[in-house]
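Please work from the sequences and hints to get the whole structure.
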Amino acid sequence: AQSVTQLGSHVSVSEGALVLLRCNYSSSVPPYLFWYVQYPNQGLQLLLKYTSAATLVKGINGFEAEFKKSETSFHLTKPSAHMRDAAEYFCAVSGGNQGGKLIFGQGTELSVKP
Amino acid sequence: EAGVTQSPTHLIKTRGQQATLRCSPISGHTSVYWYQQALGLGLQFLLWYDEGEERNRGNFPPRFSGRQFPNYSSELNVNALELEDSALYLCASSIQGVGEQYFGPGTRLTVT
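These protein sequence lines are chains F and Y, in that order.
Under the numbering used here, residues 1 to 114 are what the first sequence spells out, in order.
Under the numbering used here, residues 1 to 112 are what the second sequence spells out, in order.
Calculated from the structure, these hints are not laboratory results.
Beta carbons are placed, not taken as given, at the ideal position from N, Cα and C, and that holds for glycine.
Check before you lean on any hint, since a few could be wrong.
Claimed, not checked - Some, not all, of what chain Y presents toward chain F, calculated at C-beta under 7 Å:
no.	residue
1	Gly42
2	Gly52
3	Phe69
Stated by the list, open to error - One side of the interface only, derived from the structure: several residues of chain Y facing chain F at Cβ under 7 Å:
no.	residue
4	Ile26
5	Leu43
6	Phe45
7	Trp48
8	Glu54
9	Asn56
10	Phe103
11	Gly104
12	Pro105
13	Gly106
Written out as structure tokens, the structure reads:
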């Protein structure tokens, strides 16, 4: 069965600092991997996706993620945090026999200090 | 291009009542998914509909049901509401069950 683990339920960075949100997945088949962002009282917005093309994936708002098969990781990074990046971030996996559904990690809340 | 829309935004019901939530997918998307986001429980998959058929179901009791209409819109019905059904219900759509899913703003269901 597929699963996703996000390390750290809360991450706090200073404005301008590097953002690193960690995601590890478990999958017996080549996965599709996604990062979503959720702002307070809103739905989920797709940041980026990995679908077996380039291992370094660039998304919206300056975020990118690198797929590392050997480490079963798909960590999300941004070189310089902005106050507007404060939100909850979810890593998700789909594929195989999961029937189209996304399996989400537990989420990481990102706080950005001025 | 219009995104996924959901109605109502908020819904307040009493325990034992029924709730109906509605979702309209992005134009051209045939698959609709429902997820529950309850406090402390994360995002849990509920149902997947494609081409009018239920394709997959999460680990929820039968009182959670739904359907997909010929125009691909969908509704989620929750019968015999319980307090723990209070959550944000998110609808998503995709092209034929493949690839990324696009989410609506959600319906906040409160059961008192």
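Verification of the hints:
1. At its closest, the beta carbon of Gly42(Y) sits 5 Å from a beta carbon of chain F; the interface hint therefore holds under the 7 Å criterion.
2. Taking 7 Å as the C-beta contact cut-off toward chain F, the hint placing Gly52(Y) at the interface is violated, the least distance being around 15 Å.
3. Annotation: Phe69(Y) was flagged as interfacial toward chain F, and the flag is violated, the nearest CB pair being 19 Å apart, outside 7 Å.
4. Evaluation of the Ile26(Y) hint against chain F yields a violated restraint, the C-beta minimum of about 12 Å exceeding 7 Å.
5. For Leu43(Y), the shortest C-beta to C-beta distance to chain F is roughly 4 Å, which falls under 7 Å, so the interface hint holds.
6. A least Cβ separation of about 4 Å between Phe45(Y) and chain F falls short of the 7 Å threshold, and the interface hint therefore holds.
7. Taking 7 Å as the C-beta cut-off, the interface hint given for Trp48(Y) holds, the closest approach to chain F being about 5 Å.
8. Restraint check, Glu54(Y) versus chain F: the minimum CB separation of about 10 Å is more than 7 Å; hint violated.
9. The interface hint given for Asn56(Y) is met, as the beta carbon of that residue sits about 3 Å from the closest beta carbon of chain F, less than 7 Å.
10. The closest approach between the C-beta of Phe103(Y) and any C-beta of chain F is roughly 4 Å, which is under the 7 Å cut-off, so the hint is satisfied.
11. Among the interface hints, the one on Gly104(Y) holds; its C-beta lies about 5 Å from the nearest C-beta in chain F, closer than the 7 Å criterion.
12. Look at Pro105(Y): its Cβ gets to within about 5 Å of chain F, closer than 7 Å, so that hint holds up.
13. A cut of 7 Å between beta carbons decides the hint on Gly106(Y): the least distance to chain F is about 5 Å, and the hint holds.
Of the hints listed earlier, those the structure fails to meet are numbers 2, 3, 4, 8, in rising order.
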